[in-house]
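Whenever a hint applies, use it, and build me the whole structure from the sequences.
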Amino acid sequence: MAGTIIITGANGSLGLGFVQAVPAQYPTHTLVATVRNASAEADTNMISLQIVVSKHPESRILIESLDLGSIASVRSFADVISTNISDGERPLISAIVCNVFTWSLSGEKRTSDGYEATFQVSHLPHMLLVLSFSNPLAKLRAGFPGDLEHLVHPPPDKPDEVHDKGFQRYSTAKIANVVFMHNLNRRLRARVAVRRLMSVVNIMMPLLRHLTALCERRRTPGGIWPPSASGLSFMGKGEACWRWAGMSSGETVL
135 MAGTIIITGA NGSLGLGFVQ AVPAQYPTHT LVATVRNASA EADTNMISLQ
185 IVVSKHPESR ILIESLDLGS IASVRSFADV ISTNISDGER PLISAIVCNV
235 FTWSLSGEKR TSDGYEATFQ VSHLPHMLLV LSFSNPLAKL RAGFPGDLEH
285 LVHPPPDKPD EVHDKGFQRY STAKIANVVF MHNLNRRLRA RVAVRRLMSV
335 VNIMMPLLRH LTALCERRRT PGGIWPPSAS GLSFMGKGEA CWRWAGMSSG
385 ETVL
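Number 388 marks the last residue of the sequence shown (the working numbering); no jumps.
Accuracy of the hints is not assured; some may be wrong.
[Said to hold, decoys possible] Derived DSSO-like pairs (lysine-lysine); straight-line CA-CA distance at most 27 Å:
hint : residue 1 : residue 2
1    : Lys243    : Lys189
2    : Lys243    : Lys299
3    : Lys243    : Lys308
4    : Lys308    : Lys292
Rather than coming from a laboratory, the hints here were simulated on the basis of the structure.
Printed below as a string of structure tokens:
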């Protein structure tokens, strides 16, 4: 059955592997490959993405701009996709692959929205994107609770903590993704039968927990994502990523 797959960061190393794998594994699906600036044709990563897409002229791959540093951009993108689906121009969404992150080890960075960049780019827009296609869950109130305000407007780093704070902000954004994933899973169980949410985190390949990414071609992990994102064999399955990687609960800090 045809569906629409959305992936953020389509021109990154993992994204390229994913885009390359989808046409072969799911030829009837429409893939919306989003990048920060689709018009940056001279960008090396964009050239790589265009080369991958050109190898599949019969596929349904659309390259579109999505600036995760702008909440307004995410809302606009979601509105367009929703309208296209409602008008029958695209099939229903079968998967959203949240693949973008950013971090800074040389001091705090802010987005054009004025939020701390690591938390916004790595978590907030992905959460908004997912909720935008989950009607009753999409009604978010404006602003942030007082006890969470420090996540998007943190105090300045102390000079001797700049590097370590960068790691801390990145970890916080990833933990927020995991917490959101589990919360959304619980909500979806009460409404629909389809639930296939997961956090790959650093389990990109079975060897990674023993060695390093140098042992594997960088695009290979992206190529194994499509079945877990859209394959029927993973529908409603829990802990599939853990079983694939051979991990147990005692081997993770979470």
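Handout entry: 27 Å limit on alpha-carbon distance, applied to hinted pair Lys308 and Lys292
Key = holds, 23 Å
Exercise for the section: Would you mind confirming whether the straight-line C-alpha gap from Lys243 to Lys299 stays at or under 27 Å? Expected result: Satisfied, since the Cα-Cα distance of roughly 12 Å is no more than 27 Å.
Handout entry: Holds or violated: Lys243 to Lys189, with C-alpha atoms at most 27 Å apart
Key = Status violated; Cα separation ~37 Å.
Exercise for the section: Take the C-alpha atoms of Lys243 and Lys308, compute the straight-line distance between them, and say whether it is at most 27 Å. Expected result: Since the Cα atoms of Lys243 and Lys308 sit roughly 17 Å apart, the hinted pair holds (cutoff 27 Å).
Hint compliance for this structure: hint 1 is the single one not met.
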